Amino acid sequence: MSHNQPSTFNFQLSLDTLLDWYERMWTIRYFEENAVSSYRKGLFGGSTHPCIAQEAIPVGAIAALAATDQVLATYRGHGHAIARGLDLKALMAEVLCKETGCCGGRGGSMHVCDVSKDFWGTNAVVAAHIPIAAGVALANQLRKNGRVTAVFFGDGATCEGAFFETLNTATLWKVPLVLICENNGYAMSVPTKMAIPLENIAQRADGFGLPGVSVDGNDPVAVFDATKEAAARAREGGGPTLLECKTVRWERHSAMSAGKFQNEEEAMRWKTADPIPRFVKTLQARGASDVALRTRQERAKRLTDEALEFAIQSKDPQPETAGDFVFA
Amino acid sequence: MPARELSMAEGINEAIRHEMRRDPNIVLLGQDIGAYGGTFGVYKGLFDEFGPERVRDGPLAEAATTGIGIGLAISGMPTIVEIEFMDFITIASDAIVNQAAKMRYFFGGQMQVPLVVRAPVVNRLSMGAQHSQCLEAWLMHVPGLRVIIPSNAADAKGLMLSAIRDGNPAVFIEHVRLYASKCAVEEADVPIPLGKLRVAREGRQVTIATFSGMVKPCLDAAANLAKEGIDCEVLDLRTLAPLDREGLCASVKKTGRLVVAHEAVKTGGAGAEIAQTALEGAFDYLQAPIVRVAAKDLPIPTGKLQDAVFPNSADVENAVRTVME
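Note that the protein sequences, when read in sequence, are chains L and Z. Position 190 of the first sequence, counting from 1, maps to 190 under our numbering, and the rest follow consecutively. Position 90 of the second sequence, counting from 1, maps to 90 under our numbering, and the rest follow consecutively.
Think of the hints as simulated: they come from the structure by calculation, not from any bench. Check the hints yourself; a few may be wrong.
Residues of chain L clear of chain Z, computed beta-carbon distances all greater than 10 Å [claimed, not checked]:
hint : residue
1    : C102
2    : C103
3    : N140
4    : G146
5    : I196
Pulled a few chain Z residues facing chain L out of the computed Cβ check, cut under 8 Å [to be verified]:
hint : residue
6    : A64
7    : I68
8    : T90
9    : Q99
10   : R104
11   : G108
12   : Q112
13   : A137
14   : M140
15   : P143
16   : D220
Calculated cross-link-like contacts (lysine-lysine; reagent style DSS-like; alpha-carbon spacing at most 30 Å) [as the list claims (entries may be wrong)]:
hint : chain 1 : residue 1 : chain 2 : residue 2
17   : Z       : K266      : Z       : K296
18   : Z       : K304      : Z       : K254
19   : Z       : K44       : L       : K144
20   : L       : K174      : Z       : K296
21   : Z       : K253      : Z       : K266
22   : Z       : K227      : Z       : K296
The model shown is predicted, which means the values in this text are computed figures rather than measured ones. In this text, a Cβ means the ideal position worked out from N, Cα and C, and glycines have one as well.
Take the sequences, apply the hints, and build the full model.
Here it is, written out as structure tokens:
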């Protein structure tokens, strides 16, 4: 990662499109900050897993997909939900476990979903959703519906059996799947170098017969370009791609995690890796005005604050509904 | 339509075949399920009729295969996953326990998971400790799962039809020793409702609640006890989740005595839940303490030692005599 370089230039993308991405990145940033501060104020229990400083990945990758492609993500998945266009109010209400939440307030921060947006949910067991995503992709293949499934997961998930089993089966069957690994350098407290004997997680693909690609995950355009290529390949029957997006994690694993996992020097280095100022350089080079940038940022702030206020004002689910939705 | 004699394997096969003809979305996943016809031959003829896309042989990967089954299911393609031996359900347990059973719930009803996991139980066949377990109690402890455990061909067919049409995650437990046993099975597709026990033998003095591989030994015991003048009612519970608590308690209220019999080990077994259900629903009618007949709390050995671990009809007879004292 070249922390101070502008993001990649792709002149097929209009400035308006890039400004939309910029606003989306700020929306995710503010949403996550609100989630963490709400947690610390005791507005909800459990925990929340912010994707602060990783915003470029969901924004760039999901922009590269068709609206009818399915997206599955992890407990660190608010950014993907936002990038997929989920209603911010319903999303924050779900984080606060309110009845107006997108899952009726019983999924919480780690289980958000909106099937109507083809956002097929976030999962709280590491790597468990990867085979599920492969199954969704297999259904696309059997129905010949031209849809692709994208599944997001962290570096830690690439050490799990479900990941390896899925790489094998999904590649064997050439299902239309894009596997997007967000390598943020840590599985909770364990650095990747203590868990993975490879320079790049993309090398995992080598033994399974699928392409493995590593990109700068803090560059939304680089993520977009790589995802676009992987999705096209999947759609044309070429099978899955493992796309590693190298990024950083500013926050602890989750808002409730104890312990210290990084030294101060590393923390400083990470702060310089913020994807947003880098993207600003690109936008300015493309002619974005300061007013346009400020307007977008302010709107992101306003909409996320309104979403939080909506969530706070919403009611808790009625106790008698605790048994709803177990069986069809 | 007339009933013919079918084996339990044929009953299951017929139910799946008829459902696959009715619903082109249904897919079968597993290992050795293609031309080979399934580990125990339950899928005989299905590969030829429905082809390799719908009868999909895959790599040895229980965790991913079951997860892929969930992905198909939530996409509106009901899926049946065959786990070769029930013992291997441990490898697929995250997919079953943490995913399939809970997704509909934590996503607020946005998804439906029409997934049937077929889990053959092998025991008393000297396969040893990793191929002989009855793990149904683990599964009935998980809200969101159906646990279906038939003892004969007719029930197996009707319950499989229900398992598929129910549209919820189910584990369908098949006793391999019963696969070859035959009984009359309707040609028509008549689903058997989940959560309804079958009275396998009517009686007035003792209720024997059982299921799967212990139904036959319990009926044998009841026949012997009748010669001593003891009149037993034998209940085949057929599904453990949902459990027919009402039917069980109605029988216990009638007889006043309960013996529970299963082949799983005793501690934490389904028998504990069944016995407590009777205590909660029919305590005032009980004339004797409830007795459980179960396997000893041991890993299952091979060879002759198996007989020292598994219960038999003589154990059931003794239990009944105890509650009659």
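message: Run through the hints listed earlier and report the numbers of any the structure violates, in increasing order.
response: Those not satisfied are hints 1, 2, 3, 8, 13, 14, 16, 18 and 20.
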